[in-house]
Each structure stands twice: as structure tokens, then as C-alpha cells.
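A.B. asks: Sequence:
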Amino acid sequence: MSNLSSYFALIARGMAMGVADVVPGVSGGTIAFITGIYDRLLNALKSVNPSLLKVLGNEGAAGVWQRIDGTFLLCVFGGVLTSILSFAHVITWLLDTYPEMLWAFFFGLILVSGLHMIRQVSHWNASTIITLIAGVVIAYAVGVLTPTSLEPESVTLFFAGAIAICAMILPGISGSFILLMMGLYGPVIDAVKSLNFSVLIVFGLGCIGGLLSFSHVLSWLLKKHRDLAISLLTGLMLGALGKVWPWKETLETRVNSSGDLVPLMQANVSPLNYEGVTGQPAYLVEAIGLMIFAIVLVAMIEWMGSKKHQEP
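Using this note's numbering, you'd call the opening residue of the sequence shown number 1 and step up by one each time.
Nothing false has been slipped in among the hints.
Listed below are the simulated EDC-like cross-link pairs for lysine to aspartate or glutamate, each with C-alpha atoms no more than 16 Å apart in a straight line: (1) K223 - D39; (2) K248 - D96; (3) K248 - E275; (4) K46 - D69; (5) K193 - D96.
Simulated DEER-style distance windows between Cβ atoms: (6) K223 - L52: 18 to 28 Å; (7) G289 - L52: 41 to 51 Å; (8) D96 - G242: 17 to 27 Å; (9) F159 - F8: 29 to 39 Å.
Hints listed in this document are in silico derivations from the structure and should not be mistaken for laboratory results.
It should be emphasised that the depicted structure is a prediction, and the values quoted were computed from it without experimental measurement.
Built from N, CA and C at the ideal position, the CB exists for glycine as well.
Put together the whole structure using the sequences plus the hints.
C.D. replies: Below is the structure:
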């Protein structure tokens, strides 16, 4: 019974990570860190390497399963997948029905998470400041200066999956945030909702590739150049705020590869002028309330994390 309880606890942690990674701004890695499974998760992922072939020859499949902490990974990623499949429908409905309020919530999440990340840099110097600015410029260029979103083609989806999955193991930045920067958040969420396997398989293969390769690089960067890595991630988050600004005016549209009419050029507008410009309600009070709620949510996550570290 004890083992069964521990399995359910791991699945619950995985589900919490999945919820976080569906929402741009909160990292699944942050949830793993707070719930006390971050180190075990990172070690399990790093154990997936070519040396497993030797283990397979000497100890068989059981030895490989034990080496990679297979039961742990199965429970955690099973929980992650369950959450993503469940919440994709909710997110899609909100994007279609109340986009201003949803983007306001995302804006608050990313803003407060970025400010939280700034505090994680131990020593500010010229290098970390330049790296922070570089991250802001890169994210701004990708999110605002690029007029069109990336098309959900096979190569694009593969590399998007490889990059986005790495964010899951990083406290502070979410995989959905990476997809948001690339303009692929909507297409991937739609594919999850409709179980579009032609998209999900390619994206999933990219995720597997990212876990097996980039996770080792990210682990090395965090160990050897932690401040530079965190300052870059912080810059990326803060630079993307322009892309998630809730009130936008569509200047030009285009027909995408699926035959849908989508924005080509958009400009951020004041919420006070939004209704007059677009003819749509700005939901200003609700949006501000959701921004505040997002800030409180991340503050609570941070408080829980600090409380856990203080425990003996």
C-alpha cells in the first residue's frame, strides 16, 4: 500500500507539472523543484545515454529500467500527459471565447516569473547584464518583429518539440512559453485537443530528441555557467511580454496552410482604446484581476518552495 501511495503521489506531481507546462509562464521544472522531485527527475533523464546499451547486454531490460528509474519516469510523465490532454480543451475554449482575459493571465504569469528569475542571479556583472539584454532582444525580435508565426511543418514541429521540452526541466521557463515565442502554441494545443497524430508524433519525437540531447547541455550550463543561463532565460521571458500583450489590433491577415484566416501583422493597443479600435470588449477589470491572480499564484509557488527548503 505504501508503494501504491507513492506512485499516486508521483502521478499527482506529474499532473501538476503538466498543468504548469500547458500555461505559458509557469515552469514544470519549478513545480518539480517545489514538490521535491527535481533532482531525481534530472538524474533519471541524464541516465538515458548510450551506456545503457552496455547495461542492456549485462543486466537485461530489468537493469536498464532500474538504471533510468523507469517507474518514477512512467508515473511522472504519465501524470504530465494526463494533464496536457485534459487542459488542452479548456485552454482552446478560453483562447476562442475570452482571449483578452486569458492573455492577461499569461502576461501576469510571465511578468512575475521573470522578476522572480532575476532574483536567482547570484552575481550581476557586465556578462550577465549583456546576456539579459540579449535575451530580451531575441525574444522581442521573435515575438514582435517577425510578422508571421512559424508554420506547423514537420521540421519546425520537431525542433520546436526538442527546444520546448527542455524548458520542462528548467525552473523558471515553460515549454508553452517557448511555443508561444515561435507562434506554435495554438497549433500544438489544437493538435492535442483533436488528437492530430500526424502533428503529435513529429512533435513528440522532437521532445524525445530534446530530452536525450539538450537536457545534458542544459544541465552542464546550469552547473558551470548558472548566472549566465538564468539571466538569458530571464531576458527571454521579459522580452516576450510584447507578444502576450492582451489587447492587439490586427492590421493584416493571411490564410495559413490549413486554410484558416490568421493575423499577419498586429499592433499592441491601449486597453482604453481597444473596444473603439476592434469593436470587441476589453474586459479591463477582469484582465487586471487575472493579472493580479497570476502574480499571487507565482508568489505562492515561490513561498512554498522557500518553505520547503527551510524544512530540516
